[in-house]
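Colleague: Protein chains in written order, with the numbering used here: chain C, 1 to 137; chain R, 1 to 137; chain Z, 1 to 98; chain U, 1 to 98; chain L, 1 to 120; chain V, 1 to 120.
Just so you know, not all the hints are guaranteed correct.
[Unchecked claim] Cut-off 30 Å, straight-line C-alpha distance, at most; resulting in silico cross-link-like pairs (BS3-like, lysine-lysine):
1. K62(V) x K31(V)
2. K51(Z) x K95(C)
3. K2(Z) x K40(Z)
4. K95(R) x K24(U)
5. K59(C) x K55(L)
6. K51(Z) x K77(Z)
7. K90(R) x K11(Z)
8. K2(Z) x K85(R)
9. K65(R) x K62(V)
10. K77(C) x K51(Z)
11. K3(L) x K49(L)
12. K126(C) x K11(U)
13. K40(U) x K51(Z)
14. K77(Z) x K31(L)
15. K44(Z) x K90(R)
16. K2(U) x K99(R)
17. K90(C) x K44(Z)
18. K31(V) x K89(L)
None of these hints come from the bench; they were simulated from the model.
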Amino acid sequence: MAITKLAFIVRSLPYKTEASRLALTHAIASQTVEIYLEDGDNVEPVLCYIGDGVLNCLKNQQAGKHYGITSLEQHAKNSLLLDLKVMICKEDVDKFGLKEDQLVMDAEDIGGETNAQLVPYSEIQKVMEEVDHLQFF
Amino acid sequence: MAITKLAFIVRSLPYKTEASRLALTHAIASQTVEIYLEDGDNVEPVLCYIGDGVLNCLKNQQAGKHYGITSLEQHAKNSLLLDLKVMICKEDVDKFGLKEDQLVMDAEDIGGETNAQLVPYSEIQKVMEEVDHLQFF
Amino acid sequence: MKLGVLLSDHKTDSDVLGRLTAEKLGIILVGNGTYLATIKENGKASPILDKTSNLYVLVEDLESRGLSAANVDSRVKPVTYSDVVDLIFNDYEKIIWL
Amino acid sequence: MKLGVLLSDHKTDSDVLGRLTAEKLGIILVGNGTYLATIKENGKASPILDKTSNLYVLVEDLESRGLSAANVDSRVKPVTYSDVVDLIFNDYEKIIWL
Amino acid sequence: MGKLTIGCFSSLVGSLSLDFAVKLSEAAVKKGHDVDLWVSSNATMLSKKGQKPFKDYSHLAKTLTELFASGKFKAVACEACAEARGYHKDDTMEGWGRRSMDWYLASAFSADRVLLIGGD
Amino acid sequence: MGKLTIGCFSSLVGSLSLDFAVKLSEAAVKKGHDVDLWVSSNATMLSKKGQKPFKDYSHLAKTLTELFASGKFKAVACEACAEARGYHKDDTMEGWGRRSMDWYLASAFSADRVLLIGGD
Chain C
1 MAITKLAFIV
11 RSLPYKTEAS
21 RLALTHAIAS
31 QTVEIYLEDG
41 DNVEPVLCYI
51 GDGVLNCLKN
61 QQAGKHYGIT
71 SLEQHAKNSL
81 LLDLKVMICK
91 EDVDKFGLKE
101 DQLVMDAEDI
111 GGETNAQLVP
121 YSEIQKVMEE
131 VDHLQFF
Chain R
1 MAITKLAFIV
11 RSLPYKTEAS
21 RLALTHAIAS
31 QTVEIYLEDG
41 DNVEPVLCYI
51 GDGVLNCLKN
61 QQAGKHYGIT
71 SLEQHAKNSL
81 LLDLKVMICK
91 EDVDKFGLKE
101 DQLVMDAEDI
111 GGETNAQLVP
121 YSEIQKVMEE
131 VDHLQFF
Chain Z
1 MKLGVLLSDH
11 KTDSDVLGRL
21 TAEKLGIILV
31 GNGTYLATIK
41 ENGKASPILD
51 KTSNLYVLVE
61 DLESRGLSAA
71 NVDSRVKPVT
81 YSDVVDLIFN
91 DYEKIIWL
Chain U
1 MKLGVLLSDH
11 KTDSDVLGRL
21 TAEKLGIILV
31 GNGTYLATIK
41 ENGKASPILD
51 KTSNLYVLVE
61 DLESRGLSAA
71 NVDSRVKPVT
81 YSDVVDLIFN
91 DYEKIIWL
Chain L
1 MGKLTIGCFS
11 SLVGSLSLDF
21 AVKLSEAAVK
31 KGHDVDLWVS
41 SNATMLSKKG
51 QKPFKDYSHL
61 AKTLTELFAS
71 GKFKAVACEA
81 CAEARGYHKD
91 DTMEGWGRRS
101 MDWYLASAFS
111 ADRVLLIGGD
Chain V
1 MGKLTIGCFS
11 SLVGSLSLDF
21 AVKLSEAAVK
31 KGHDVDLWVS
41 SNATMLSKKG
51 QKPFKDYSHL
61 AKTLTELFAS
71 GKFKAVACEA
81 CAEARGYHKD
91 DTMEGWGRRS
101 MDWYLASAFS
111 ADRVLLIGGD
C-alpha cells in the first residue's frame with residue numbers, strides 16, 4: 001500500500017502548444033490508474049498554475065466556438081469535478097491584474113464540489129518539496 | 001520575363017525547431033523552380049541571418065556525429081556553393097562576441113565561389129525593402 | 001514599404017520586431033499575441049503598442065483565450081479573419097509572421 | 001529537496017527558474033541551453049550561471065551547435081549522456097525539464 | 001481579386017497556427033481570392049487521410065474539402081517531410097498534391113501576397 | 001539500479017528533444033537501469049513504422065530496436081494522439097504499445113525518477 005504524489009506544474013500558455021492541455025489530461029488520467037496497480041496503491045496528482053500558466057484558468061474561453069476544440073477552461077473544470085487538488089499562484093494572478101472572479105475556481109455548474117485555491121507561491125514551493133515527482137508543462 | 005525576389009530572413013536558432021533548416025532548404029529549392037515557370041521567369045532568393053539566427057552560421061557543428069543529421073553549417077555551405085546571396089548581420093555577430101573566422105563565410109572546401117557578406121543591419125533592412133516578398137523563419 | 005506583421009507571440013523579440021522599420025507598419029495581434037492587447041503585466045501595457053498606430057487584434061483568437069474585446073487597449077482595433085484578408089490585400093504589400 | 005533542472009532553453013524564464021529554490025539545486029544545460037554556457041551577450045555571462053554552483057553542460061549538444069568545451073564558462077562542467085544518467089540517479093531526487 | 005500563397009510549418013495539433021492558415025484561406029476564398037497552401041515540416045500531417053475527430057483536437061478535414069470544392073484553393077504537402085514521418089503517398093487525403101519545395105517557390109513567383117508561418 | 005520513467009511530447013522531427021529522450025534512455029539502459037518511455041502529442045509519431053531515413057532528419061528506429069532487445073526498455077504511445085493524427089494501430093512499430101495516459105501515471109508510480117519533457 002503506497003501513494004505516489006505527482007505534481008503537475010503548468011507554466012505555459014494555453015493553445016500555442018499542447019503542453020498545458022496535456023498536463024490536465026494526464027493529471028485527470030490518475031482516475032483510472034488503479035487498474036494497473038495493486039490494491040491500495042495509487043497516485044495522487046496536484047495541479048499548480050504558475051507564471052503565464054495562470055492564464056489557462058481564465059473564464060469564457062471560446063475555443064470551441066472558434067476552433068472546434070475543448071477549451072482549457074473546460075479541462076480546468078473537469079479537474080475540479082474529479083476532485084483534483086488545484087492551486088493557482090496569487091502573485092502571478094496579481095501581476096496580470098486579474099481578479100478571482102475572472103478565473104475558474106469551481107465546477108459547481110457541472111456538479112463539482114472541489115474548489116481551486118489561490119495561494120502564494122511559497123505554498124506551491126511547499127508542494128514541490130512534498131511530492132515524489134515533479135513535472136513542468 | 002520576370003524575376004520575383006524572395007527574402008529568407010533567419011532569426012531562429014538551429015536544431016530546436018526546423019525553421020532555420022527549412023529556410024535554407026526552401027531557398028536552395030530556387031535552383032529547380034524553373035521547371036514550373038515560363039522561359040525567362042525565375043525567383044531570386046536572398047538569405048539573411050539576424051538576431052539569434054546568426055548562430056546558425058557557426059563552424060564545426062557536429063550534429064552529424066552526435067545526432068546523425070545534416071548540420072546547419074553544411075546547409076549554409078550548400079547555399080554558398082549554389083551562389084545564393086547570403087548576408088549576416090554584423091551587429092548581432094558582435095553582440096554574441098563572435099569573430100568572422102568562427103562563421104561559415106565561404107564554401108571553398110567544396111568548390112564554392114560565392115562568399116557570405118557580414119553587413120550592418122541597415123543593409124538587411126534595404127534588402128527587405130527591395131524584395132517582392134518577405135519571409136521570417 | 002508597407003509591411004503588415006502578424007504577431008503570434010506574447011514575448012517581444014526586440015532583435016527582430018524592435019528593429020523593423022517601414023514607411024507604413026501594421027501589427028495584427030493573433031494567437032498568443034492577443035494577450036498583448038489586453039493583459040497588463042504589473043499594470044503596464046506592452047511596449048509593442050507604442051510601435052505603430054496601425055494596431056489590430058484578431059477577435060477569434062482573443063475570445064478563444066477568454067479575453068474580451070471590451071478589455072482591449074483603446075489603441076487596438078478588433079478585427080475578424082475576413083478583415084485580416086482585406087488588410088493583407090488592400091493595406092500592406094508585404095506580410096510577415098512573427 | 002535535491003532538484004536537478006535540465007534547462008533546454010536559451011531564454012531565461014524568470015517566473016519559473018528565478019523562483020525555484022532547493023536545498024541542493026543542479027542545472028544541466030542541454031539543447032539550446034548550451035548557448036548559456038558559452039555565448040556572452042554583450043560581453044556578459046548569463047545570470048543563470050549565478051543561480052547555483054552545480055552547473056553542467058551536455059557536450060553532445062554543445063558540439064552539435066558548433067560550440068566547444070574549450071569555450072565553456074569555467075563554472076560549468078562538461079558532461080556526457082552517461083554522466084547525466086548518474087546525476088539523475090545519484091545526485092538529485094527530482095528532475096525537471098525547462 | 002488576388003492570389004495569396006501561404007507556407008506553414010506548424011504542428012497539426014496543438015499550435016493553432018495551422019488552423020490559422022486554413023481559416024485565413026477560407027476567408028480569402030470566400031472573398032474571391034485564390035489561395036495556394038504549402039505545408040512542410042510538422043504541418044505536413046494536415047494532408048494525411050484518416051484523421052479521427054476528437055473534441056480536444058482541431059479537425060480541419062471538412063473545411064479543406066469545402067476549400068478544394070471552391071476551385072480557388074490548391075494545397076500541396078512536402079514529399080520528403082511526409083516520408084520522413086512514415087506517411088506515404090497512398091495515405092494522402094483527396095485533393096492534396098505532394099511535391100518538393102520548389103512548388104512553393106513557383107507559387108510565390110506569381111503570388112500577390114506571400115505569408116510564411118514558420119516555427120512550431 | 002533504478003527505474004526511470006520518461007514522458008515526452010516533442011516533435012519527432014526538428015526539436016531534438018525526442019532524440020534527447022531516446023539517447024538518455026540508451027545511456028540509462030547501458031548502465032543497467034530500467035526505462036519506461038511514454039510518447040504523447042507530436043512525439044507519438046516516434047512509434048510509427050515505415051519512417052524513411054533522410055540525412056536532414058533524425059532517424060531513431062535503429063536505436064529503439066536495440067533498446068527493445070535489451071529487455072530493460074518499455075515504450076508506449078498515446079492512443080488518442082495517434083488516432084487524431086490519422087495513424088492507426090496496424091502502423092505501429094514493433095515493440096511499441098499503444099495505451100491511454102494512465103499507463104504513464106502507473107509507470108511513474110513505481111519509478112525512482114520521472115522526467116517529463118513538455119513543450120514542442
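Colleague: Does each hint hold? Answer for all of them.
Modeller: Evaluation of the provided hints:
1. K62(V) x K31(V): holds (19 Å)
2. K51(Z) x K95(C): Holds, at about 23 Å.
3. K2(Z) x K40(Z): holds (29 Å)
4. K95(R) x K24(U): Since the Cα atoms of K95(R) and K24(U) sit roughly 34 Å apart, the hinted pair is violated (cutoff 30 Å).
5. K59(C) x K55(L): holds (19 Å)
6. K51(Z) x K77(Z): holds (15 Å)
7. K90(R) x K11(Z): holds (24 Å)
8. K2(Z) x K85(R): holds (24 Å)
9. K65(R) x K62(V): Roughly 16 Å between the alpha carbons, so the hint for K65(R) and K62(V) holds.
10. K77(C) x K51(Z): violated (38 Å)
11. K3(L) x K49(L): Status holds; Cα separation ~27 Å.
12. K126(C) x K11(U): Holds - the C-alpha atoms of K11(U) and K126(C) are around 26 Å apart, at most 30 Å.
13. K40(U) x K51(Z): Measuring from Cα to Cα gives roughly 28 Å; hence the hint holds.
14. K77(Z) x K31(L): Roughly 21 Å separates the two Cα atoms, so the pair holds.
15. K44(Z) x K90(R): violated (33 Å)
16. K2(U) x K99(R): violated (40 Å)
17. K90(C) x K44(Z): holds (18 Å)
18. K31(V) x K89(L): violated (41 Å)
Of the hints listed earlier, those the structure fails to meet are numbers 4, 10, 15, 16 and 18, in rising order.
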